[in-house]
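Quick note: the sequence shown uses our numbering, first residue 860, plus one each step.
Read the hints as simulated data drawn from the structure, not as lab findings.
The reader is advised that the hints may include incorrect statements.
Quick list of the computed label-pair ranges, beta carbon to beta carbon [said to hold, decoys possible]: (1) VAL914 / ASP870: 17 to 27 Å; (2) ALA915 / SER884: 27 to 37 Å; (3) GLY912 / SER863: 16 to 26 Å; (4) THR893 / HIS864: 31 to 41 Å; (5) GLU920 / ASP895: 48 to 58 Å; (6) THR893 / GLU920: 16 to 26 Å; (7) TYR866 / GLU910: 32 to 42 Å.
All C-beta atoms in this analysis are idealised placements derived from N, C-alpha and C, irrespective of residue type, glycine included.
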Amino acid sequence: MSDSHIYKKIDLVGSSTDSVEGAISNAVERASRTVDNLNWFEVTQIRGHIEDGKVAHYQVELKVGFRLD
Numbered sequence: 860m861s862d863s864h865i866y867k868k869i870d871l872v873g874s875s876t877d878s879v880e881g882a883i884s885n886a887v888e889r890a891s892r893t894v895d896n897l898n899w900f901e902v903t904q905i906r907g908h909i910e911d912g913k914v915a916h917y918q919v920e921l922k923v924g925f926r927l928d
């Protein structure tokens, strides 16, 4: 048998009141509690919420890849 691997991708949406990076980290950290072998992520969308002329909330859509056992 070869040493090849098979990967699966899932879509996640992370959010943060602090930053885009925080939204990514929140999504990855939460997914890692229930999904093993997380390997990479790809940001597909960034959006946010504005209140009183200021950014109040960041939301990031990302694809996360993990290796199947």
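Note to self: The hint says 27 to 37 Å between ALA915 and SER884; measuring C-beta to C-beta, is that right?
What the structure shows: The hinted range 27 to 37 Å is violated for ALA915 and SER884, with Cβ atoms some 18 Å apart.
Check: Cβ-Cβ distance between THR893 and HIS864: within 31 to 41 Å?
Finding: At 20 Å between Cβs, range violated.
Note to self: If I claimed the Cβ atoms of VAL914 and ASP870 lie 17 to 27 Å apart, would that claim hold in this structure?
What the structure shows: holds, 23 Å
Notebook entry, point to check: For the pair TYR866 and GLU910, does the Cβ-Cβ distance stay inside 32 to 42 Å?
Noted result: holds, 39 Å
Check: Would you say the C-beta atoms of GLY912 and SER863 sit inside 16 to 26 Å of each other?
Finding: For GLY912 and SER863 the Cβ distance comes to about 52 Å; the hint is violated.
Next item on the list: Kindly confirm whether 48 to 58 Å is satisfied by the beta carbon distance between GLU920 and ASP895.
Entry: violated, 22 Å
Check: Would you say the C-beta atoms of THR893 and GLU920 sit inside 16 to 26 Å of each other?
Finding: holds, 19 Å
In summary, the structure is inconsistent with hints 2, 3, 4, 5 from the numbered list given earlier, while agreeing with the others.
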